[in-house]
Amino acid sequence: MRITCPLCGARDLREFSVTGSAALLNRPEEGAELPEWDDYLHNRDNPAGPSDELWYHSGGCGAWLVVRRDTTSHAVLDVRLASEQKT
Amino acid sequence: MGSISLIKAPALEQAPFEAAGLRLEAVEPGPVTALMPYRGRHAAVATALEKSHGLGWPEPGQVIASGGQRIAWSAYNTALVIGAELPPRLANHTAMTPQGDGMACLRLSGAAWRDALARLTPLTFEQDAERGMLMHVPALFLRGDDAVEVFVMRSMARTAWHELQSAMERLAGRAAIS
Amino acid sequence: MSETLRATGKAGARLPNMGHGIDRERPVEFTFDGRTYAGFAGDTLASALMANGVRLMGRSFKYHRPRGVLTCGSEEPNALMQIGPKGAAEPNQRATMQEVYPGLRAESQNRWPSLEADLLSVNDALAPFLGAGFYYKTFMWPKAFWERVYEPFIRRAAGLGALPAGHDETPYEKPFAHCDLLVIGGGPAGMSAALAAAKAGADVILAEEQSALGGRLLLDGGEVEGLPAHDWAADMAARLAAHPKVRVMTRTAVTGAYDGGVFGALERVTRHLGDAPKGAPAEAFWRITARASVLAAGAIERPIAFPGNDRPGILMAGALRGYMNRWGVAPGKSIAIYGRGAEALATARQVQAAGLKVAALITTGPAPEGAGGFPVFAEAQVVGTRGRKSLRQVTVLSGGAKHEVIADTLAMSGGWNPSVHLTCHMGARPVWRADIAGFVPAEGSVPDMQVAGACGGRYDTQGCLEAGRAAALAALGREVPSVSEGNNVHDEPEWRSTDWVVPGKGRAWLDFQNDVTVKDVQLAARENLSSVEHMKRYTTQGMAPDQGKNSNIGALTVLAEATGRSISGTGTTTYRPPFVPVPIGAMGAGARGKGFAPERFTTSDGPSRERAAPMVEAGLWYRPSYFPRAGEATWREACVREVRMVRSAVGVCDVSTLGKIDIQGPDAGAFLDFVYANLFSSLKEGRVRYGLMLREDGHVMDDGTTARLGPNHYLMTTTTAAAGAVMKHLDFAAQVLQPNMDVSAISVTEQWAQFAVAGPEARALLRTITDTPVEDADLPYMGCCDAVIGGVAGRIFRISFSGELAYEVAVPARYGASLFRLLLAQAEGLGGGAYGMEALNVLRVEKGFITHAEIHGRVTAYDIGMGRMVSAKKDCIGKAMSQRPGLLDPARPRLVGLRLSEPMGKMLGGAHLFEAGAEARRVNSQGYLTSQAYSPELDAHLALGFLTRGPERIGEVIRVVDHMRGVETMAEVTAPVALDPEGERLRG
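Chains as they are written, first to last, in our numbering: chain X, 1 to 87; chain Y, 1001 to 1178; chain R, 2001 to 2988.
Here chain X stands alone, though its shape is the one from the complex (with noise of 0.2 Å):
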């Protein structure tokens, strides 16, 4: 599998470790409620299709990512810095 690093061009799989969900960048604000946070850290969709997940370009320029991925067909079909969702 192939992952084009917005920094660094298509890279082998081998550089990158994934973490999950990129449900993760929506961080609860300070105060919220419990079951938000059990939401947040555990419940998550498991979608057959397009899927935004958290990666790391541990063995390589030590970018987050967000990466869409169809779970059905593993295409990668958008990969964005993940410091750039928010901004």
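Keep in mind the hints are simulated off the structure, nothing from the lab.
No experiment lies behind these values; they were computed from the predicted model shown.
Don't take each hint at face value.
Where chain Y lies over chain R, by a calculated footprint (3+ residues, C-beta under 8 Å) [as the list claims (entries may be wrong)]:
1) 2263-2274
2) 2599-2605
3) 2658-2669
From the three backbone atoms N, C-alpha and C, an ideal C-beta is built for every residue, glycine too.
With chain X's structure known, arrange chains Y and R on it following the hints.
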């Protein structure tokens, strides 16, 4: 005290190794400083480096060289200034972190350096500066015309040497097949 | 009416005017089962043995039936051999792929005592009792027999070939390659594709598993564009080899197709050479990344399942043509051909032209027009054969009568199966095409892959050439030329399944390697294992080294008939990588010994080894365990001495392996407040603070000290174990959670060599190496400063992991070795010296300091008595979840000290804690022990552990049981800090 002075040791004490028309040697990179510019200060850093060293701020994968001095993109929001001392006032714009002691630089020269590295990394070396893995060793690769410099962590220098030497031996063996 | 034809002479000779693939000027000697034979350069082991009249080349796996060569390719199921020098011979090598070299040594497998007289061939006589499912039905009872009788028996009988006993010292490599277009298969379609793509400007890799390009052009004879087919192929191969855009990789089988245009490929680099150059890999397992690919893998000829179809001398018709044309071998003297249509007739004509006798042409269809000069049986089937170690006679059913044909060789063809394997590796299923009686790849099976030639169901050479070119251009997104209609091999009006599965009684083999017969598959169907995947596992059909390349389609045909379904409705089993066997040694190339994992060495590694310190692995790092001195017999003596040295004088220890992370930027303080549980923005410059880092789920991630070096500049330390994880975590916090903070973090672990100097004489030692003031007033406990050390700009931190007056001295790594030597020399002058990991552990256990033995991922700040460090003044990662009621339950196991009542030398982490009178059972466990050490200072055996309601139970005596090591003791529960609880030593 004043009378005592510490002495430097290179990251790796290895005689150059030659095989398959390639030469592997440990080189002293000189001062290396990592720059991580503060928010929105990349242009200011570029201007300052242009003025002081004829350098600039590199795009991902880019190396800007001037004389013996270089600035090489090295990671997310990071570039390495190699072979130059930097004015302290640059710290107004960027985090500055000395890194030269923490690195070993292995230089692999000869026309077939890509063939040797193809034994160790899936990189394609389409850019001047690429960050990747040399087998299991994290590395920064700065390519030249007939050579590549492989920067690795000082502690892993011996492993990196072993990997490169093994790849060269395989190449040499292949070349000897009639 | 019965017609008998007599065979004459002996099988095995060279044909004078054939054999373009061998060099008769270069004879090659080799041995097979200890006997020396001669072949020619260009021979495979199989062709050379056939030329020597050797028919018997192996024994089948289950019945130990005598077997000869079936094919001339990588799909060979029978001629599997052990090849190589004694003691290092590779098992299960296919004689059809192994090229001969001078001194090659081959041995047959799966026989004892010899290939000719194999005792286990008694299994064949017992065959009626050994049908499919025999193992499952027989070895069930009595239960007691399993371990003593059945398992040893099965183990002896199981396995094929013998693995060399020692380490595999064979050099392998695992390289990467990249291209615009990967062409898989170097037959006419593949060569045409490669050339078209190269002309279009693409970087091409052309991979061919045989030793030369050409595919069936090398095997079938005939002409292309007015040239003999093999000459045309050689010209084309030369053009491709000379083309700058083409990289031809022969002896390279593409083994798998993976996501993102990545392919695996196995190259035999020196397996065909007797004297491999030093360093050259025997095989290389390539990972090829291609923007697009063309599959031109050809097709595999389908055997016919008829009774007695496995005798030596029965082989595929395509292989027979190959042995004659490429290797100039006469496979026999009297050859019967069994097949259908024009191809069968062409085979007969070639046999005739080679001067060999055509015993009969047995065709499943009508008599071909123009057949003459040999007997022809039309609308016929072979229903029986004779000959134990070599075929003697063939029984043909034609026109309602049986005919006996005397023949030493039978060439069969039940049609062709396109090699769809790679197109299925990403989950696609092939589709059945009735018109060619074969499965072909479904459209779009592998992204960016085009299919061309026989593997797409196109069998004529001209069509393959056109299809290859079209596929290459389509793969590159260019304009695609049209491809003419036609298909000269499979243009028979109608293929029926009886063309490759003959109905009737008698054992008819499907899977030659695993001895699966038509009956076995029918039995599976009767026992309701009607899914093709169930049938496969029940019968072991297709589970041998050839993975059913020859037999799967035949087997599912039988299954379809037995279950009343169509072939397409029955479907195929799942095709998985690798296409050909890949040695584990090739997959693990470079990962043995030094290549297994990087070794990380500190700057003090050399000086430590000079002092004979045994090194222990700490993650990837190597750290000294202890520094032995004369007269010390055990590590424990050295450890106790080092601990006393630190407590009474001064010790020096390399702590460079701890992670060091430089954090800079206007928001550095706010960032640290966010990633640490406690407050850091309030830390004064020149001061150091202990920090506790939580995961977002509220559990402890790591701990360490962080120093403030400047207004916007901090230096964080992490544990050695978690350095990488913390760096990733900080990148996550900065890039994902707080992208608006203006802060940067970079590892400086490698930049600085850092040494702990600990003990009452630490300050005296420091005074000898620096002029920087280190008195209490200048550098109080938890202070830090820049310093000049031995003329070098460095840093000094007044921190302690031993509970003693201690400093950590840091210099740039180039000076690390020099500083370590200096510190040791000065320490020794003060009655001290170096200490290692063992002493470091004792010192910290005495002080109740935690490591990852304690913060193992399941404990909270509350559990380790640091609950109040989670600052109420700010948000931080893990804060919300750390306040979950369950994580603040006083009944949780919480950190305590333990004073063991007797020395428990063997007791280590993992022992469980029980109430004094309680039975030591899991349900009664009240906690566990994490660290243990003998304290020379207190002359006591101390431990740390987690005990339910621990801090409330100080003074209680509990039971400690280590079930694993079978030891137990009693222990008094104490506070975690056993030595100097007030911390007076720290302040010197």
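Query raised in the report: Are there hints from earlier that the structure breaks, and if so, what are their numbers?
Result: none
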